[in-house]
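**Student:** Sequence:
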Amino acid sequence: MALSWFKISLAMAMILPPIATRGDDPLTPILNDICKEVECGKGTCQASLGYPFNFKCICDNGWKRTRLDNEETLEFLPCVIPNCSLDYSCMPAPAPLHQFHTINLSSTPATGFTAVEEHA
19 MALSWFKISL AMAMILPPIA TRGDDPLTPI LNDICKEVEC GKGTCQASLG YPFNFKCICD
79 NGWKRTRLDN EETLEFLPCV IPNCSLDYSC MPAPAPLHQF HTINLSSTPA TGFTAVEEHA
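Counting in my numbering, the sequence shown runs from 19 upward without gaps.
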């Protein structure tokens, strides 16, 4: 009985190493397809078995996943928050205010004085 276990162990030791070094991991095509389905917002997807959900989003400069300072455990979230301070440097300039020229007070016999706005 011990001899048969030895033969099986020897056969496994001779067969498994060549199979293990034969080529790519069988999950490689699946990992490559994960990034086709993931939307990382303003970032790029990187697939690996070592990441939670087997991928992580690498944010472009100026973008974050959350408002937290430490995002190491949340790398699977998309990069959708601009990384700017309260000086609003990331936002576009506001639209100019609508300006009225002058108010023309005209006298009408029936109603008295009426304010008429002249638009630019």
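Hints were generated in silico from the structure; no laboratory data involved. Predicted model, so just to flag it, every value in this text is computed and none were measured. Even glycine gets a Cβ: it sits at the ideal position worked out from N, Cα and C. Please note: incorrect hints may appear among the correct ones.
Stated by the list, open to error - With a cut-off of at most 16 Å between alpha-carbon atoms, the simulated EDC-like pairs for lysine to aspartate or glutamate come out as follows:
1. K82 x E93
2. K60 x D78
3. K82 x E55
4. K82 x E57
Stated by the list, open to error - Per label pair, the in silico range of CB-to-CB distance:
5. P112 x N79: 33 to 39 Å
6. E55 x Q117: 23 to 29 Å
7. C53 x E90: 16 to 22 Å
8. H116 x C53: 43 to 49 Å
9. I26 x P47: 29 to 35 Å
10. N79 x I48: 39 to 45 Å
11. T84 x Q117: 38 to 44 Å
12. D78 x I26: 51 to 57 Å
13. A111 x N88: 29 to 35 Å
14. A113 x F71: 40 to 46 Å
15. L92 x E55: 17 to 23 Å
**Student:** All the hints need checking, so say for each whether the structure fits it.
**Tutor:** Here is how each hint holds up against the structure:
{"no.": "1", "hint": "K82 x E93", "verdict": "holds, 10 Å"}
{"no.": "2", "hint": "K60 x D78", "verdict": "holds, 6 Å"}
{"no.": "3", "hint": "K82 x E55", "verdict": "violated, 20 Å"}
{"no.": "4", "hint": "K82 x E57", "verdict": "holds, 14 Å"}
{"no.": "5", "hint": "P112 x N79: 33 to 39 Å", "verdict": "violated, 25 Å"}
{"no.": "6", "hint": "E55 x Q117: 23 to 29 Å", "verdict": "violated, 50 Å"}
{"no.": "7", "hint": "C53 x E90: 16 to 22 Å", "verdict": "holds, 20 Å"}
{"no.": "8", "hint": "H116 x C53: 43 to 49 Å", "verdict": "holds, 47 Å"}
{"no.": "9", "hint": "I26 x P47: 29 to 35 Å", "verdict": "holds, 32 Å"}
{"no.": "10", "hint": "N79 x I48: 39 to 45 Å", "verdict": "violated, 30 Å"}
{"no.": "11", "hint": "T84 x Q117: 38 to 44 Å", "verdict": "holds, 41 Å"}
{"no.": "12", "hint": "D78 x I26: 51 to 57 Å", "verdict": "holds, 54 Å"}
{"no.": "13", "hint": "A111 x N88: 29 to 35 Å", "verdict": "holds, 33 Å"}
{"no.": "14", "hint": "A113 x F71: 40 to 46 Å", "verdict": "holds, 41 Å"}
{"no.": "15", "hint": "L92 x E55: 17 to 23 Å", "verdict": "holds, 19 Å"}
In summary, the numbered hints that this structure violates are 3, 5, 6 and 10.
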